[in-house]
Amino acid sequence: MNHILRYGSIDRIPMYNCSARTPDQWTLETGEPQPIIGPLQVAYGIIVLTLYIPIALIMLEKENYKLTSFKIMFQLAITDIIGISINSVLTGILAIQGAVFCTYPTFIYLSGLFVMCLWCLTCLTSLILVCNRLLIFFNPNIEAQLFEGRKTFIILGFSLVYGGYFLFTTPHVYNSKHLAWFFDPMIFPGRAHDYDNFSHAFNNFSIVAITCVLYIPFYEIVRKRLKDAHSHSRAQNMKLQVFIQSVLICIATQIASIIYVFMNLFKVSTCVILIGHALWQFVQGAPVFIYIGLNEQIRKRFFQLLRCHGNGVGSSVRFVANPSVFS
248 MNHILRYGSI DRIPMYNCSA RTPDQWTLET GEPQPIIGPL QVAYGIIVLT
298 LYIPIALIML EKENYKLTSF KIMFQLAITD IIGISINSVL TGILAIQGAV
348 FCTYPTFIYL SGLFVMCLWC LTCLTSLILV CNRLLIFFNP NIEAQLFEGR
398 KTFIILGFSL VYGGYFLFTT PHVYNSKHLA WFFDPMIFPG RAHDYDNFSH
448 AFNNFSIVAI TCVLYIPFYE IVRKRLKDAH SHSRAQNMKL QVFIQSVLIC
498 IATQIASIIY VFMNLFKVST CVILIGHALW QFVQGAPVFI YIGLNEQIRK
548 RFFQLLRCHG NGVGSSVRFV ANPSVFS
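Note that the numbering used here has the sequence shown beginning at 248, numbered continuously upward.
Where hints are given, some of them may not hold.
[Said to hold, decoys possible] As a list, the in silico DSS-like pairs of lysine-lysine whose alpha-carbon atoms are at most 27 Å apart:
(1) K547 <-> K313
(2) K313 <-> K424
(3) K309 <-> K424
(4) K547 <-> K309
(5) K424 <-> K547
[Claimed, not checked] Distance windows between CB atoms, simulated:
(6) I457 <-> K398: 32 to 38 Å
(7) N388 <-> I260: 30 to 36 Å
(8) F513 <-> S446: 17 to 23 Å
For the record, the hints were derived by calculation from the structure and aren't laboratory data. Cβ atoms here follow ideal geometry from the backbone N, Cα and C, with glycine treated the same way.
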């Protein structure tokens with residue numbers, strides 16, 4: 248964004264100047280249509296969006312949204328919905344066409360800026376969710392002091408500012424030949440490192456480090472709670488479900504964060520790139536399946552919205568029905 252403000256438009260930014268060829272020539276010479284991967288990405292994105300939108304509406308319902316965890320999860324849902332629209336649906340369409348940055352320079356540049364912002368916002372929001380769950384287990388009083396009432400919105404407001412910062416850093420831009428979004432628009436050979444985004448690397452590695460540290464007390468909490476099967480009440484089971492949701496989301500975020508940094512800084516195989524991008528898509532789509540599979544409240548309401556019998560459908564995937572399997 249700072250380059251746009253400086254030069255007035257994207258096509259005037261020297262390092263993103265595509266004037267050496269026409270858009271069709273760039274596409275033909277440097278792109279590669281993906282007739283299999285592209286449609287699969289579009290299909291995945293549509294499935295996730297179809298499931299996620301009603302789930303986000305469920306989170307907004309009065310009895311749910313009054314809870315801190317649902318406020319945080321709703322922000323996470325919004326970032327995921329927009330993120331999936333770009334990293335799966337839009338990416339799949341560009342892959343089918345064989346597009347590269349210079350095919351649609353302005354559109355892809357702006358999409359890359361927003362998806363960068365959304366990814367970093369997702370990382371921080373996920374971390375806030377984990378911290379909230381950790382405090383619920385360790386010290387509910389401190390959790391209430393930090394998140395009670397409008398304080399949750401203040402904390403989430405800081406995360407929005409944090410995500411907004413990345414609008415002013417180097418964006419990801421798509422390349423169909425390499426099947427992912429890179430900082431390098433691949434216009435000028437040998438200048439890939441001129442586009443390095445160290446803020447993105449710091450975000451990814453800091454999220455990984457902090458989350459790893461938090462896993463230590465998390466592990467101890469779950470081990471002790473699940474070991475004592477007789478102590479489980481309905482309320483405790485619900486807390487454990489929310490905890491497991493948070494952990495699964497953050498594990499996926501960790502792996503995707505590491506791979507995406509390395510594939511932008513170093514030359515890696517196509518297989519690694521595919522895994523990195525697929526994990527990014529999974530991170531922002533996984534909450535849908537986690538909520539439906541592990542959150543009984545969301546699952547029942549979800550099937551009600553689909554005019555199904557929530558009790559009948561939900562009972563087949565009831566979570567922690569037998570805590571001993573997790574011991």
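**Study point:** Given pair status - K547, K424, alpha carbons within 27 Å
**Key:** Violated: K424 and K547 sit about 43 Å apart, past 27 Å.
Review point. Is the straight-line distance between the alpha-carbon of K309 and that of K424 27 Å or less?
Key: 47 Å, violated
Review point. Could one say that the CB atoms of F513 and S446 fall in the range 17 to 23 Å?
Key: 18 Å, holds
Exercise for review: For the pair we were handed, K313 and K424, check the Cα-Cα distance against 27 Å.
Suggested key: 46 Å, violated
Practice item. With 30 to 36 Å as the target window, see if N388 and I260 comply at their CB atoms. Key: 51 Å, violated
Check your understanding: Between K547 and K309, is the straight-line Cα distance small enough, at 27 Å or below?
Key -> 16 Å, holds
Point to revise | Range hint 32 to 38 Å (beta carbons of I457 and K398) holds or violated | key: 21 Å, violated
Check your understanding: K547 and K313: Cα distance at most 27 Å?
Key -> 18 Å, holds
In the structure shown, a violation is registered for the earlier hints numbered 2, 3, 5, 6, 7, in ascending order.
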